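> If you follow the hints, you should be able to join the two separate chains into one complex; please do so.
Spelled out, the chains give:
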Amino acid sequence: MKRLHLPLLASCLLLIAPLHAGVADQAVRTRVASVDVIACKTGVQDVVTFRGSLPAGDSFAPKDNLAVASLVGGMLDKGTTTQDKFAIAQKLDAVGAGLSFSVGDTMVVFNGKCLRKDVPLVVGLLAEQLRSPAFSEEEFSKLKKQIAGRLQRALEQTGYRAGQAFAATIYPPDHPNYEPSTETFLAALETATVADLRAFHQKHYGPAELTLVAVGDVDIDGLKTEIEKSFAGWNGGVKRPDYPRTTARTDADRDQTIFMADKPNISVILGQASGLRYTDPDALPLRIATTILGSGFTGRLMATVRDQEGLTYGIGARIGNDTFTDGDWRIVANFAPNLLEQGLASTRRELKSWYEQGVTAAEVERTKTNLAGSFQVGLATTDGLAGTILSAVHYGYPLTWIDEYPQRLNAVTLEQVNSAIKKHLTPDNFVLIKAGTVPTAAN
Amino acid sequence: MNLIRLFLCALTVSAFTLHAADTPPPVAPVIVDGFTYVKTLGGISEYTLNANGLQVLVLPEHSAPVATFMVTYRVGSRNEVTGTTGATHLLEHLMFKGTPNFNREKGNSVDQLLERVGAQYNATTWLDRTNYYANLGKDHLEAYIAIESDRMRNLWLRESDRRPEMTVVRNEFEIGENNPIQALDKEINAAAFVAHPYHHSTIGWRSDIENVSIEKLKEFYDTFYWPDNATVTIIGDIQPANALALVKEYYGAIPKSPEPIPQLYTEEPAQSGPRRVVVKRAGQLGVVGIAYKTPAARHPDMPALQVLGTILTSGKNSRLYRALTDKNLTTSASADVGFFHDPSLTTIYASLAPGASHEEVEKITLAELDRVKKDGVSDIEVASAISQLIASSAYARDGAFAVASTLNEYISSGDWTLYTTLDDAIKQVTPDDVKRVANTYLGEDHSTTGWFVPIRTPEATE
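Protein chains in written order, with the working numbering: chain A, 1 to 443; chain B, 1 to 462.
Take these hints with a grain of salt, some might be off.
[What the hints assert, rightly or not] Okay, the calculated beta carbon distance ranges per label pair:
1. Asn242(B) / Arg29(A): 34 to 40 Å
2. Glu219(B) / Ser353(A): 36 to 42 Å
3. Gly222(A) / Thr40(B): 32 to 38 Å
4. Pro258(B) / Asp255(A): 56 to 62 Å
5. Ser141(A) / Arg456(B): 21 to 27 Å
6. Gln357(A) / Arg456(B): 45 to 51 Å
7. Glu228(A) / Arg322(B): 31 to 37 Å
These are calculated hints, taken from the structure and not from any lab test.
Please read all numbers here as calculations on a predicted model, not as lab measurements.
Each residue gets a CB set at the ideal place from its N, CA and C atoms; glycine is no exception.
Chain B extracted, bound-state conformation (with noise of 0.2 Å):
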C-alpha cells in the first residue's frame, strides 16, 4: 500500500509503468567540489556528497520550466514491528509540522512555501521507502531544498502534535477499511507473511496507530533519517552544476548518522502448503484474490514475471479477461506484480460481476494459469506485452513529476538502474521464459488465497 498525507490515491502502483524507455542521449557528468562522481545511466548521474554519503542523482528535463526535488529515505513499514506497524506513515505526516527554523508559526512551513507557489507536492510511505517531493516551478527549488534538508534531523517532535495527526492517520486508516480490496489485501499479506514485514501494511494496526508513543517515533527518526540512509533525486529545467552546489549548501553541513543503519535480516520462511482467509462485511459484490510468492525487485526473474502478468490481465486480450470478464463473470481482473526489496507477492485481483460464484471464478483463473504452465504463451502474446510495457515506459517520462515517481520505485528497490537495465531486460523475455516463471512462482504450495464474501445488509435512508 502506497500511502500518502492526503487522500489515498492507489492500492498500488502498477509494477507495469514503472521502467524507462529508450536510452535519452549521454549527459556528461560535472565536477563539483565535495561529491564523487560514481556513474551515468539512461541520462541519470549518481553523486555522492563526501561530507556525509548522500546519494544524489541529477537528471535535466529542458521541456518546460520546471523541477522536480525528492527526497527518498530507505525506511518504510518493513522496519516496522510489532507495537510500532504504522510508525513510518505516522511519522512521515509529523514531518509537516515544523521545524524551530520553518514552521507554521513564522510564516514559513513547507506547506505554506510550497502551496504559496503552486507546488504538486506531498510525502509517501510504502513498505521499503519513504518519499518527499514537490514539483515547482525551477525559480523555487532552492527555497524547498532549504526547507527540506533542515527537517532531515531538525524535526518537533512533540506530543502536542501526534494527537491530532493520530486521529487524522487513524482515519485514513478507516478510509481504507471502506474498500473491500483493500481489506482483503491486508489479509491476504497477513497470511502470506509470517515472519517478515510484509505481514502487516503500510498503515498498520489500529491499535499501533492509536498508541504508539512520541518517544518512539522520535528513536525512528533518529535511527533512519540521515543523509547516508537517503537519495536525493533532481529532474527538470536545472543545470546539473548548480543543482549539486544547491544540494551540497543544504545538506553538506548535516552528519551521517552516528551509528550504522540497522539493516533488516528476517527472512521469509519457506512457504509449504496453500492458506487461504475469507473477509465478510457489507457489501455488494465479492472479490477473489491469488497470491504468489514472487522474487525481489532485483531478481533476474522480475523481466518475465511482468511478461507474465501482462498476459494474464493488460488489455482485452489477455487471457482472464477473455476468460473471465469477457463472459461476464468478472467486472475487472488484474495482476499486482509485486516489486520490492525483498521478496513479495504477485496477487491476480478478480472483482465478481453480479451472479457470479467465487468457486467458479477461482476455477477459471486456476485453469488458465494451470494453461500458461502447461501449454506455454505464444510469441504474439509476448510481443504484444513487451511493447505494452516498453510504451509503458516512455509515457511515464512525459515530465520531470513522473520521471521522480518512477525512479523512487527503482531507488526503494535497491538499485534505481533498473530504470534503465529493466527495460533492454524486458526486451529479451522469450515465451520460454514466462512458461519457466510461471511453473516456478505460480505453485499452489506457494498461493495465498482470499475471498472477500459481501453480506447483504438492510440499508437505511433517512
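For reference, chain A alone in the conformation it holds in the complex (with noise of 0.2 Å):
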C-alpha cells in the first residue's frame, strides 16, 4: 500500500495553471466578410470542430406564431436554393463531415466536424445554408410533422415534462425562457407557413451578430479565405437585444404534480426564478454555492440524500439559462415513488441548512479548485474550448476571460458566497414540480 502524500497537494491545488498557455493568445479573432471569426489551432491532428452562432432564436418569433423561428431553423438543413438536402448530405457523407443547426430561446447555434482537408467544404455549405435555404413546400410539410413526433415523443419523458413545468411557471409568458405548452407550440406549427419563415430569414439571418469559431487542425489563413469567398455580400441580420429584467411571476401554483402512468422514477425540481445573469457580480459566488450543495458526489445532496440515506440515484442543484437574460437556480432529483415524501423532506432539510447556515470557508476553497480544475480540462478537446471560445463571447466577455477564469474564482470571499444565497433565493417560495407516476396522484 502506497500512502498518498495529501498536504503538499492540497498546497499546489490553487496554482493550477491555465490550459492553454493563454487561449487568447493563441486564438486569432478577425472580422472576415462581416462574420466574427474566431479561430484556435491547438495540438489536435486532423479535427476541426466548428461552432457558432446569430440571433434568431425563439424569442425573436413574432407575436402572432411562436413555432416560426423553430421552423425556419429546421428548414436549414433541408436544402438551399441550388441543391436538395440528399445532395448536401451526400457531399458532407462523402467525406465524414457533420453540420447541425438548433434552435434555442435566443440563438441559432451551429456545429460542424470535419477532417482539415474538408473545411473548404464544410465552410461552403454553411454559408450557403444560413444564407439561401429552399424552403420548400414539400420539405416544410415534412418537417412539421418530424417535429410534431419529436414533441410527442417527448411527453413520454418526465425530465421533460417537470422542466417544461417548470419554466411555465417561474418564467413570465413573454421572457426568453419561458416554455410554452406542447399544445400551443404544436397549434402554431400547424398555423405556419412558408411565407411566414421566408420573411423571417430575410429578416433576423446576416452577419449582424454572426461569430464562427473553428478549433483544432485549422489552417487559420485558408480558413479566412474560405470564410471571405462563402460569405461575401451577405448582409443583415439583427444584433440581439438587451433583454429587460423580468420579475418573477408568483401567481401560478407552486406545488404541481404531472401525473404520468407506468413511470416508476419521478423526476423532481425545486427551484425559482434567479434574477441573475452569468455577467451579474453576484452570479459567481452563487455559483460557487449552488456547487456546494448540489455538484458531484461530495456536494452535500449527494453525499446525503445519495450517500448516507440511498434516496436516489441522482440530486443536484444548478444555476443555469443566464447567458442572455435573467435565469433560474433549481434543484433536480430522482425519486422512487415510495421514497418520494422521505427523498423530498431529506432534500428540503439539506437545503434549509445550506440556505441558513451558509456554507464554510473550507468548501468555498475546495470548490474553487474543482471548478477551475473541471474548466481546464473541459478546454482539453476541440469541442469543449470551441464552447466555451463561443460561450466567452455570448457573454460579452473578451477572450482573455478564459485565461482569467481561475483568478476570478480565486478572487471571490466566502462573504460573497453568503450573501449571494441570502440575496437572491427565498426557499419558501420555491416551486415543486413531480413528473411521474406519483402515489398521491394516481387517484
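What follows is the structure, given as C-alpha cells:
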C-alpha cells in the first residue's frame, strides 16, 4: 500500500495553470466578410471543430406565431436554392463531415466537424445553408410532422415534462426562457406558412451578429479565405437586444404534480427564477454556493440524500439559463414513488441548512479548485474549447476571460458566497414540480 | 447497456465511433525495470507488469496538460448468473465507499480527491467490462493512481454501505424503466439469448438488485478484481517512463490472483426460428426493434457489418432514413451493431411517428433489408460509409479522455489493437462484402422482433 502525501497535493491546488498558456494569445479573432471569426489551432491532429451562432432563436419569433423561428432553423438542412438535402448530405457523408443546426431561446447555434482537408467544403455548405435555404413546401410539410412527432415522443419523458412545467411556472410568458405548452406550440406549428418562414429569414438571418469559432488542426489563413469567399456580399441580420429584467411570476401554482402512468421514477424540480445573469457580480459567488450544495458526489445533496440515505440515483443543484437573460436556480432529483416524500424531506433539510447556515470557508476553497480544475479539463478537447470560446462571446467577454477564470474564482470571498445565497434565493417561495407515477395523484 | 455511477448517459455506445484514424507517428517503447514490453501499434505501447501480469497501455498525447488514467477490469454482466444479475454494477458503485487508507472520514476518498481537483471521473459497467477512470490535470495523476490501485484489493465491502447503495441502484433501474426503448431493449435481449448471459441487461433484474448479499458481492470482488484481470491505460501529457514507474510503484506490490480467473464457457445455441416480444405500457408513440445475431467484435465480418449499419441508418441518404423518416413514418431509425466480446445483436430501432403503424414500419424495414440482400449496395454507398467511419475515428481521438473511452471498448472486446486495425479493415470493405454479411446474418430465423406498444392513459395534473 502506498500512501499519498495529501498536504503536499493540497498546497499545489491553487496553482493550477491555465490550460493553453493563454487562449487569448493563441486564438486569432478577426472580422471576415462581416463575420466575427475566432480561430484557434491546437495540438489535435486532422480534426477541426466549428461552433457558431446568430441571434434568431425562439424569442425572436413573431407574436402571432411562436413556432416560426424553430421552423426556420429546422429548414436549414432541408436543402438550399441550388441543391436538395440529399445532395448536401452526400457531400458531407462522402468525407465523414458533420454540420447541424439547433434553435435555442435566443440563438441559432451550428456545430460542424470535419477533417482538416474538408474545411473549404464545410464552410461553403454552412454559408449556403444559412444564406439560401430552399423553403420548399414539400420539406416544410415533412418538417412540421417531424417536429410534431418529436414533441409527442418527448411527452413520454418525466424530465422533459417537469422542466417544461417549471419554466412555464417561474417565467412570465414574455420572457425568453418561458416554455409554452406542447399544445400551444403544436397549434402554432399548424398555422405557420412558408411565407412566414421566408419573412423571418429575410429579417433575422445575416452577419450582423454572426460568430464562427474554429478550433483544432485549422489553417487559419485558409479558413479566412474560405469565409471571405463564402460569406462575401451577405448583409443584414439583427443584433440581440439587451433583454429587460423581468419580475418572477408569483401567480402560478407553486406545487404541481404531472401524473404519468407506468413511470417508476419521478422527476422532481425545486427552485425559482434567480433574477441573475451570468455576468452579474453575484452570479459567480452563487455558482460556487450552488456547487457546494449540489454538484458532484461530494456536493451536500449527493453526499447525504444519495450516499448516506440511498434515496436517489441522482440529485443536484444548478444555476442556469442565464447567458442572455436572468435565469433560474433549481434542484433536480429522481425518486421512486415510495421514496418520494422521504426524498423531498431530506432535500428540504439540506436546502434549509445550506440556506440558513451558509457554507464554510473550507467548502469554498475546495470548490474553487474544483471549478478551476474542471474548467481546465473541459478545454482539453476541440469541442470543449470551441464551446467555451463561444460562451465567452455570448457573455460579452473578451477571450482573456477564459485565461483569467481561475483568478476570478480565487477572488471570490466566503462572505460574497453566503451573501449571494440570502440575497437571491427564497426557499419558502420555491416552485416544486413532480412528474411521474406520483402516488398521491394516482387516484 | 452502459451503466455509469451518475446518470445514465446512453443506451448503447454506437459502434460507429469506436475507431482510430490514421496511425500516429511511431513512439519508441521505453525500457522500465519490472515491465516487459509487448508491442506498439497506433502509437500505443503495451507492457506487462512482471510482478503480477497487469497489462498496461501507454499513449503520450501532448495537446493539453491533462492525462487520463483508466483501469478496465475484464468482468461485466456476462460474468453474472441468476441471483447475481446486476452484481457487477452494484459492486462498481461500492468501489467508491472507501478503503482503510482512503475514505471520506479521512478526507481523502476518491470523490474528495478528484472533485477537489476538478477531474472528469466516474466508472461504468457493461456486458464485458467494468472501468474506472479520471481525466485530470497531469499534476494530479499520481494521487489518483494511488487511490485507484489501493481499491483494487483493499475495498471496504460492508452491509451498511450495500443497503443505501442498493436503493440508489434500484432508482437507476427505475430511471431506465421510464424509457420505452430501454424497456424494449431488455425484452429483446432476454428473448434473443436463452443460454448466454447477454440474456440479462447490465443493470440486472430488480429482485436481484434488491437481494444480492454483501457476501456474494465480496465473492465477486475476490474473484475478478486482480491485476492479472485488468488493463491500465494512461493517455495524455505524460512521459511513458515516468508513467510506468508510477504504475509499478502503486500496483507492483499487489499479487496476482491466487486462483485462475474463471472464464465463461456458455455459448448461445443456434437460433432456429424468429422470435417476437411485445411490451405494452403507458406511452405516446410506438417503437419497432428488429435484432439479428451477429458475431463477436473480433470477427472478420465486423467491418462489413459496421459499413452495413452505416448504410442503413446513418444520415439523410441512408436506406431507412429515406424509406421511413423522410416519409414521416418514423421520427428516427438507428442501427446498433453489437461490438462485444461474444456474439451479440445488431438491432435496428425504428421510432414510430404519429399515425404510423408497427406493421407498416416493420414491413418497410424488412423490405429494405431484403433489397440489400438481393440487390446489394452501391459503390458510392460503401465509399460514403467508409468515409464516415474513418472520420469518426479521427473525431474519437479528440483529447486523452476520448481516446481512453474508445480504447476501453476494444480492451473489453478482447483485442485492444482493433483500435488501429479495424480502421484498416473497414477501408477494405467492398459492396460484395456488405451484401454477403447482410445475407449471412440478417436472416429471419436469426431474428428477434420487438414492439413497444403505447397505451394512452388519461393524465392527471394537480
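> Next step is simple, just say for each hint if it's right about the structure.
Here is what the structure says about each hint:
1. Asn242(B) / Arg29(A): 34 to 40 Å: Between Asn242(B) and Arg29(A), where Cβ atoms are some 37 Å apart, the hint holds.
2. Glu219(B) / Ser353(A): 36 to 42 Å: Once the Cβ atoms are compared, 40 Å apart, the range 36 to 42 Å for Ser353(A) and Glu219(B) holds.
3. Gly222(A) / Thr40(B): 32 to 38 Å: holds, 33 Å
4. Pro258(B) / Asp255(A): 56 to 62 Å: With a Cβ separation near 58 Å, Pro258(B) and Asp255(A) satisfy 56 to 62 Å, so the hint holds.
5. Ser141(A) / Arg456(B): 21 to 27 Å: Hint holds: Cβ distance 25 Å, inside 21 to 27 Å.
6. Gln357(A) / Arg456(B): 45 to 51 Å: holds, 48 Å
7. Glu228(A) / Arg322(B): 31 to 37 Å: holds, 36 Å
Checked against the numbered hints given earlier, the structure satisfies every one of them.
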